[in-house]
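Novice: Read off the chains here:
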Amino acid sequence: MSDLAWINAAITSARPQAVGALLRYFRNLDTAEEAFQDACLRALKNWPANGPPRDPAAWLIMVGRNAGIDGTRKRKREEALPDEDRISDTDDVETPLAERLDNADYRDDILRLLFVCCHPDLPDTQQIALALRIVSGLSVAQIARLFLVGDAAMEQRITRAKARIAAHGAQFATPTAIERAERLAAVATMLYLVFTEGYSAANAAEGQARAPLCDEAIRLTRLLLALFPSEPEIMGLLALMLLQHSRSAARFDAAGALILLDDQDRTRWDRRAIAEGLALIDKAIRHRRPGAYQVQAAIAALHARAATPADTDWQQIALLYATLERLQPSPIVTLNRAVAVSKVDGPAAALDLIAPLAGPLDNYFYFHGLKGMLQRDLGRDGDARQSFNRAIALAKSPAEAAHIRMHLDKLAS
Amino acid sequence: MLYAILCYNTENTVFSWSQEHEQKVMDDLRAVQDRHLTAGKLGPVARLMPTTAATTLRKGDTPLVLDGPFAETREQLLGFYIFDAAGLEEALDFARELGAVNPGGAYEIRPLHLFHPGTLAAPATAS
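Residue numbers (this note's numbering), protein chains in the order written: chain A, 1 to 413; chain B, 1001 to 1127.
Derived by calculation from the structure, the hints in this document are not laboratory data.
Just so you know, not all the hints are guaranteed correct.
Claimed, not checked - Facing chain A, a subset of chain B residues (Cβ under 10 Å, in silico): (1) F1015; (2) P1050; (3) L1092; (4) L1112.
Claimed, not checked - These stretches of chain B come out as covered by chain A in the derived footprint (C-beta under 8 Å, 3 or more residues): (5) 1007-1013; (6) 1059-1070; (7) 1077-1089.
Claimed, not checked - Pair by pair, the computed Cβ-Cβ distance ranges are: (8) A:R289 / B:P1044: 35 to 41 Å; (9) A:T308 / B:G1079: 38 to 44 Å; (10) B:L1114 / A:A402: 38 to 44 Å; (11) B:L1006 / A:A211: 30 to 36 Å; (12) B:G1105 / A:P48: 37 to 43 Å; (13) B:A1071 / A:D377: 52 to 58 Å; (14) A:R27 / B:A1071: 27 to 33 Å; (15) A:A402 / B:G1087: 40 to 46 Å; (16) A:A254 / B:Y1003: 45 to 51 Å; (17) B:P1044 / A:A249: 25 to 31 Å; (18) A:A402 / B:P1063: 54 to 60 Å; (19) A:N28 / B:A1086: 51 to 57 Å; (20) A:R27 / B:E1090: 47 to 53 Å.
Source: prediction; values computed, not measured.
All residues carry an ideal CB built from backbone N, CA and C; glycine is no exception.
With the hints as constraints, model all of the structure from the sequences given.
Specialist: Okay, here's the thing in structure tokens:
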């Protein structure tokens, strides 16, 4: 790797810890970000000449602190900045100091930094944009591209989100165990939002443009798990992301349309991501504290383990969806359970299961698609045709519509 | 003399490599290994999963299972096993068995991403 590539990689991986520590120190997000920017500029000058510091995060925290203090002073008295070398050429002195300052706290620093992005008043998209800006350090233009919107619109969205969290202020006292668990849960939800934002692309071009969202969500979840190594739900979340992401190369056809799970070329699934996901589920299960992410990961693992769709252990998947229904009741979960039930107990049982969903899911494409297929399997072609037509009307993409039309065309007329 | 060569790097960086960079590094490494494989000089090559997949068994009267990698700096790496298990529980059982006859210290259990058995036939100097 070239100097610049190495420095960029070191700065990216140090960023959450460094900005988190600077936020605790300055208690102001803008000041913390400016101080970090300053430290990065100094790193770009200093590191190629003096070699990389032993602990880049500690270096950036210390230099950022000095820069932030200088910035505050400068604004007060218009005093010149001290000589560059005096601040940044003292790695041996500052590293142990920064470690002493921060090692006890940096776990909570990073959690706090992620948590400020999860403010319940912020809509999902703003939480994601804010996390990518503050925690991951992506530029506004990069984030705008990921969300397929203009730079100005994204700039405005992030500014507004920042103003909102600034009005509320972050909590700087060391969190209690209960507060920490609540923050972890909120952060996990936000990280999964980042992931699904990248994963829910409707076609290959969009999928490619948004893939960095999945990578970033995985990177941050890995970081979170390294900080909180005994949290089974964080293990489950990382496993879930890895198992879903393992299919990314097989999810789109040559024309760029989405391929359904059953029709994917399973030899193109990423075996390495699958193996890591399975290892994490193994670890999580030992804790005997089931949670929604663990159960979803276990379902994804059963799909990953099946060499062909026919090998899928639907019995086990149906049981896991029943568990998920208890942990996190929702019509969508019931609908997914119905798919598994149809494979185990047949279409009639599945149709009974989804009958109560007709109200809440009346405007949901997949509900009518599944209902149509179950009716078709029972030989009720007239009903099936009606359901398929309703599904096509609700389809959000040409691929979804085409898929249902194919089933419709196969019905005897 | 047989030598073990243990690989260290910053995992944050390595596991953030792009697929192309990753592929290139692995291909380059494989090219170096191949020469020595042909000569019958290279034994097993393994790549570990990230430390987030690690579990540690702290040995003792009641062995303690801890999530995460082995973090003590007072103890040193003294050896390793490669064990084929159906899952973490079986690997832990094997580690507990080993620990029962050799108390003290810890075993860090790390699943592998990659394993090549190599071409080395155990030479007399190893035993």
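Novice: Taking the hints in turn, state whether each one holds.
Specialist: Here is how each hint holds up against the structure:
For F1015 (chain B), the interface hint holds, the least distance from its beta-carbon to any beta-carbon of chain A being 7 Å, beneath 10 Å. Proximity of P1050 (chain B) to chain A holds as hinted, the smallest CB-CB distance being about 7 Å (cut-off 10 Å). Of the supplied interface hints, the one on L1092 (chain B) holds, with its beta-carbon coming within about 8 Å of a beta-carbon of chain A, less than 10 Å. Against a cut-off of 10 Å between C-beta atoms, the interface hint on L1112 (chain B) holds, since the closest Cβ of chain A lies about 8 Å away.
Check result for the stretch 1007-1013 of chain B against chain A: holds, 3 residues qualifying (beta carbon to beta carbon below 8 Å, three or more required). With 4 residues bearing a CB less than 8 Å from a CB of chain A, the stretch 1059-1070 of chain B meets the requirement of three and the coverage assertion stands. Requiring three or more residues with a Cβ within less than 8 Å of a Cβ of chain A, the coverage given for the stretch 1077-1089 of chain B holds, as 3 such residues are present. Taking the beta carbon of each, R289 (chain A) and P1044 (chain B) are about 36 Å apart, inside 35 to 41 Å as hinted.
A C-beta distance of roughly 41 Å is found between T308 (chain A) and G1079 (chain B), which places it inside the suggested range of 38 to 44 Å. Separation of L1114 (chain B) from A402 (chain A) is about 40 Å and conforms to the stated range, judged on CB atoms against 38 to 44 Å. A C-beta distance of roughly 33 Å is found between L1006 (chain B) and A211 (chain A), which places it inside the suggested range of 30 to 36 Å. Roughly 42 Å separates the CB atoms of G1105 (chain B) and P48 (chain A), a value that falls within the hinted 37 to 43 Å.
For the pair A1071 (chain B) and D377 (chain A), the supplied restraint of 52 to 58 Å holds, since their beta-carbon distance comes to about 55 Å. For R27 (chain A) and A1071 (chain B), the Cβ-Cβ distance of about 31 Å falls inside the hinted range of 27 to 33 Å, so the restraint holds. Judged by the Cβ atoms, the range 40 to 46 Å given for A402 (chain A) and G1087 (chain B) holds: they are separated by roughly 41 Å. Checked against the given bound of 45 to 51 Å, the beta carbons of A254 (chain A) and Y1003 (chain B), roughly 49 Å apart, stay inside it.
As the Cβ distance of P1044 (chain B) to A249 (chain A) is approximately 29 Å, the hint placing it in 25 to 31 Å holds. Between A402 (chain A) and P1063 (chain B) the CB atoms are about 57 Å apart, so this pair conforms to the stated range of 54 to 60 Å. Between N28 (chain A) and A1086 (chain B) the C-beta distance comes to about 52 Å, which sits within the given range of 51 to 57 Å. A C-beta distance of roughly 50 Å is found between R27 (chain A) and E1090 (chain B), which places it inside the suggested range of 47 to 53 Å.
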